[in-house]
Amino acid sequence: MSFYRALSIRQKRTLWAWGFLAVPIIFYVVIRFYPTGNAMVLSFQSWNLLGDREWAGLANYRVLFSDPVFWQVFWNTFKYLLIGTPISLVISFFIAYHLDKVRFAHGFLRALYFLPFMTSAVAMAWVWRWFYQGVPIGLFNNMLASVGIGQVEFLNSTTNALPSILAPAVWAGLGFQVIIFMAGLRAIPRSYYEAAEIDGVSKWTVLWEITIPLLRPTIVFIVVFSSIGFLRIFDHVFNMTTNNPGGPLNSTKPLVLMIYETAFRSFDMGYAAAQTVVLFLILLVVSLIQLRILRDS
Amino acid sequence: MTATDTQIRATSAALLEGTRAKQRRSLGQTIRWLLLFAGGIAMIMPIAYMLSTSLKWPYEVYNVGLIPEEPHLENYAYVLEDGRFFGWFINSLIIAVLTTVSNLFFDSLVGYTLCKFTFRGRQIVFIAILSTLMIPTEMLVIPWYIMSQSFGWLDSYWGIMFPGLMTAFGVFLMRQFFQTVPDDFIEAARIDGLNEFQIYWSVALPMVKPALAALAIFVFLGNWTAFLWPLIVTTDAALYTLPVGLSSFGDEADVQWELIMTGAAISTLPTLIVFLIFQRFIIQGVAMAGLKG
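Taken in order, these protein sequences are the chains called A and B. Quick note on my numbering: the first sequence kicks off at 14 and runs consecutively. Quick note on my numbering: the second sequence kicks off at 333 and runs consecutively.
If you're looking for bench data, these hints aren't it; they were derived computationally from the structure. Ideal placement from N, C-alpha and C gives every residue a C-beta, glycine not left out. Be careful, since some hints might not be right.
[As the list claims (entries may be wrong)] Under the rule of at most 25 Å between Cα atoms (straight-line distance), these lysine-lysine pairs were calculated in the BS3-like manner:
hint : chain 1 : residue 1 : chain 2 : residue 2
1    : B       : LYS541    : A       : LYS114
2    : A       : LYS216    : B       : LYS354
3    : B       : LYS448    : B       : LYS354
4    : A       : LYS114    : A       : LYS25
5    : B       : LYS354    : A       : LYS25
[Said to hold, decoys possible] Covered stretches of chain B (chain A as the covering partner; in silico rule of three or more C-beta atoms under 8 Å from a C-beta of chain A):
hint : segment
6    : 425-437
7    : 471-481
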């Protein structure tokens, strides 16, 4: 204690600060940084969990890049992003833009749109999986049948399955994006709109010249956030295709599912680690590119 | 015709035009409201069908009607009977609550320290913690699994929880909010003889309650619905969380959709109910976290 008393006020505070940070620093080193390094090292090794970790050089990456399944998975992963992000961006902006102008029962309407965000992806994947079943089970096909339209193969078709799996993911995320957009809209100073009104500018011009440019930070946030989400899609795919994960014919398999299967079905840990490094690089590059494009222009 | 006459006529015409414009606007508003309402109802349809099907008899499941003919709770009784769902529910609850408490404490402590203390290395610590946001969970699950295996953490609450005990997002959020706490308050507390932990705990923390609430919502919801890591770290069905349990139950129940919908409802209802109670509060929290984060 005498040691503590001898310290200056400044030194005491520094001591407190490091005391507060001690446990968290251990946590971040052991649970975040060390595993990150471990995954990267493992990606250059060959290991099946039982024997020794053997140095494999670039073999994992070489196998990966020459694997046609990987390229299909790679493309699928980007399809989730390329379809999901613009659609959810446009829909959520449209809803937020109009919801912002409505006063009557505003809170109630907002709650309706937000509610899906509070659901669990696994639970909703099973609900939508039921919707997509064929006649006489699935809700959608039963509805189509009742108005005399033929059956649609949702999950059993190599072309329809991916968008069908994407739909509940988009649906669940909309509410969050609407709330963020509305907060962004509220932050635009009223005076801009008043000035535009005095000048007699059309609503369309106001939207394109004032609202959207001033929403840029919000749009950047939503695009990056939802892109990362779609690139990491797993829960929906896994649960909607449990009988044939990522099927039919790998047409819905995203990178995370491939990683899961390689690591925890085939126990090919080095190969799986290489896939996770690729995922990491994709996420990094995609977010950097988007930040660049959306910040600069 | 006098000048005044023309003026009056012009004014009344303008007024009339104004009312017409107002009427047009209010008609537009009504249409806008109705469309938004229709869209909102469509949004909650999947949830509504999940709930309604969980109340239906098997023969009725294939009926597209939303309202069950004879609503009953037999599916819930059946699903809960063997106690598995109950156990998964408890597992999920314990894990989500403990993780939330841990995040509230540590994230706010770190956020506070990085905001209100000046010392060498502060910036480095902050950047190092923030940089972990760039590392996807999926890259860490393999090392975490290896770690859990060697320390015997597989199939345990600790094994499910340890990766999420602190989050960089929480640190960032809390640090932002502590900036709104005036330094004078902290200085005054120091003069009053409080030690640094007491200042954090009883002066600073109560001033960022809304931020704590927002963080609690995110962490709880995130852990309640977490799937990938709990799926990897548990093989003993007694330790499954609700999403993992539901996933295995779905496969097992095969085509008994009314039972699957019941399981889905059990895992969704708690968060829906919490939302309905704290609606305004949760939406504010989400907007706040989104804007600051």
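Hint numbers the structure violates, sorted upward?
1, 3, 4, 5 and 6
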